[in-house]
Amino acid sequence: MSLVLNEEQVFLKDSAKKFASEKTPTTHFREVRDSEIDNCYDDKIWQEMVSLGWTGILVPEEFGGSNFGVAGISSILEELGRTLTPSPLFSTAVVGVSLIKHASDDVKKDILTRVVQDGLRLCFAIEESNHHDPVKISCEAKKDGSNFIISGEKSFVIDGGFADKVIVACRTSGEEGSKNGLSLFVLDSSSEGLSVTPTKMVDSRNAANMKFENVKVSSDMLIGKEDDAYEIIESVLDISRAAISAEMLGSALQAYEITLDYLKEREQFGSKIGSFQALQHRAAIMFSELELCKSCVIESITSFDEGGNDSERLASLSKAKVGEVFHLISNESVQMHGGIGVTDEYDIGLYLKRARVAEQIFGDSNFHKNRYAELTGY
Amino acid sequence: MENLDQFRKETKEWLEENCPPEMRKPMGPGDVVWGGRNCKFPHPDAKLWLERMGEKGWTCPTWPKEYGGGGLSFDENKILQEELMAIRARPALSSFGIWMLGPALLEFASEEQKKKYIPEIVKGEIRWCQGYSEPGSGSDLASLKTKAEDNGDHFIVNGQKVWTSYADDCDMIFTLVRTGPQEPKHDGISFLLIDMDQPGVTTKPIKLISGKSPFCETFFDNAIVPKENLVNELNKGWDVAKRLLQHERNMIAGMGLGGAGSAKKKKDQTISSGMATMAKTYVGEEEGKLANPGLRQKIASFDINSHAFSLTMRRASEESKSSNSGPSPASSMFKYYGSESNKLRYELMLEAMGTKALGWEGEGFGPAELAITREWLRTKANSIEGGTSEVQLNIIAKRVLDLPQ
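Residue numbers (my numbering), protein chains in the order written: chain A, 1 to 378; chain B, 1001 to 1405.
One should not assume that every hint holds.
As the list claims (entries may be wrong) - When the alpha-carbon atoms are kept at most 16 Å apart in a straight line, the in silico EDC-like pairs for lysine to aspartate or glutamate are as follows: (1) B:1289 / A:374; (2) A:264 / B:1402; (3) B:1012 / B:1125; (4) B:1056 / B:1125; (5) A:294 / B:1318; (6) B:1280 / A:374; (7) A:294 / B:1319.
Bear in mind the hints are in silico, worked out from the structure with no lab data behind them.
Produce the entire structure from the sequences given, and follow the hints as far as they go.
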């Protein structure tokens, strides 16, 4: 796969960089956080993203999208990650759109067109426990004539508190833990019997807990085949894991650069603290680790668009590696800032909080190390 | 593109015709061809293979044709390497001349020097070793004391070098010497090419913890060196030295390659981890998983880092293709990561093999097991030679991150 971005991707990345620095610097993140806006992002900013075409990057041209690919949207997310830009872009334009692409033509036309034009917001309700597990699903959907009746609970639904549509992974047969018997449905978040409890996370973004009590959904809203959604789920999760790794890389790079600047400016014992070898070596190690992360991310985000056949493993490679390195950098950055590193006034603590939440999204480093080993035959 | 296809076709044909069958068999440890005046060939075909490749300049494919190199572009060389790999051809020649000295000479040497020395390297006629470290100058290399004094048309060299790889088998040594004793330490060093076939130069092997002696001490006792053997200006040897070290670091960094992800996955191919496969034979497996979960986790971490590292080496090569730059201070990152990774690889093998990896010689251990034990000990030098890991981190901090002195 490519290890350098093409012109189109570089263009998208540059425009996202400009957008983030002009419209959503970290002061924007703070404004949203401190304004107590419930949905944890600014609608005006969301609409600007929509008008830039970002929600349509994974959408085929026939539904109004640009089809610029996973590498395109991930490059944007990387830049937005630098300033911790709050928006439902990831849950909608990456996860949601990738799932809806497997729905019926009518559903695709209806939903994708609105995502591109109006910024219809999507979310994916899959998790049921405290750790990512795409087969630990007991939320059930029972067939009832031409409908399904959904009952069960979901947690850690990213941007789920205020989405318009929910895509839910249900068990239609089989035991909890089995790959067989999973089905996907898309439904309105205002559906009768669905209660959504927004949960504000430590990084000031929203996730949600959802309770389905005999929620009726038409079988037209089935995504893929009944009982047979596992492959769709995994393939969409892999795209999402690669894309969120790109966002995390952006955040990690920014936290690192902020820290590097601080090492060059802060004086103690009459010297810049960046002249101390105890800090220099740790900074150099972080630099090396970030270089490795860049390679994992670019290899993985381009593999989907270029038809690579190792995308699964590359997604786990990225999520495992970037998760671990962002973890390291978020800790080291706070420590190297000393006392001000633990004040709310300085941005560096925001990255620490973001790191831990992002690490959990669709599998932490432990999950992906294990998966990488399995995919490699041990 | 059409030209490249044509090049691939011609390369395939040439290799088919010219690479002897014996040179397509896997190599044993004694099969490396180092070249030199007293070159030992493991097989007559190895000699033939070197002559043919040397004639074509393909031992140094990207070096300029006018000095005997192959004159290939980045893309052509990539094709050549792929085709060599496809027929599992052995390297025709391995040498410090190719990896370290040659690139530095191409950048710093005079026209006469290039004309004399580069073709010899390409054809493997002269075997070179490196005279950098001294007993009192390890990490602080620039404090070196071996001195060269002006004596009309030649220098007289006195002093001692250490860690000179294979010096006892080499013909020539590229050496850092002090020519400006009054100058600040970096500004009084010159780069000299010294013929070892003279009474003033003697070598003595150093026995290592692995039991082997790949390194020597080299003594200069009134060695005579003609003035035309000075590379770059007098007292400007440090510039050459630094550049050459970057090439050396890239070479050592390559040792960090070779994990589960190093090979690019081809269609329908299943990827396996060499480390995990090996570990399974020693600790067993349960339902396809390595039986020891702690070890399995460590191997997965290692494989992931090794995969990420090989991608980064490839990315750097693709990026330098577009900017056409040689190695940079970032070589230190590769040297640091690659050598640490190689050490870890052997530590994990030891962990997997248990007492089977702790034999020294004789009965009870297979030859491969004994070799791993020795190689594990050898890898401890990876993060010391060519500048310690700590020195590499210093270089990254200062030259790449621009942190204050």
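Could you tell me which of the numbered hints above are not met by this structure, giving the numbers in increasing order?
-> Going through the list in order, the structure violates hint 3 alone and respects the others.
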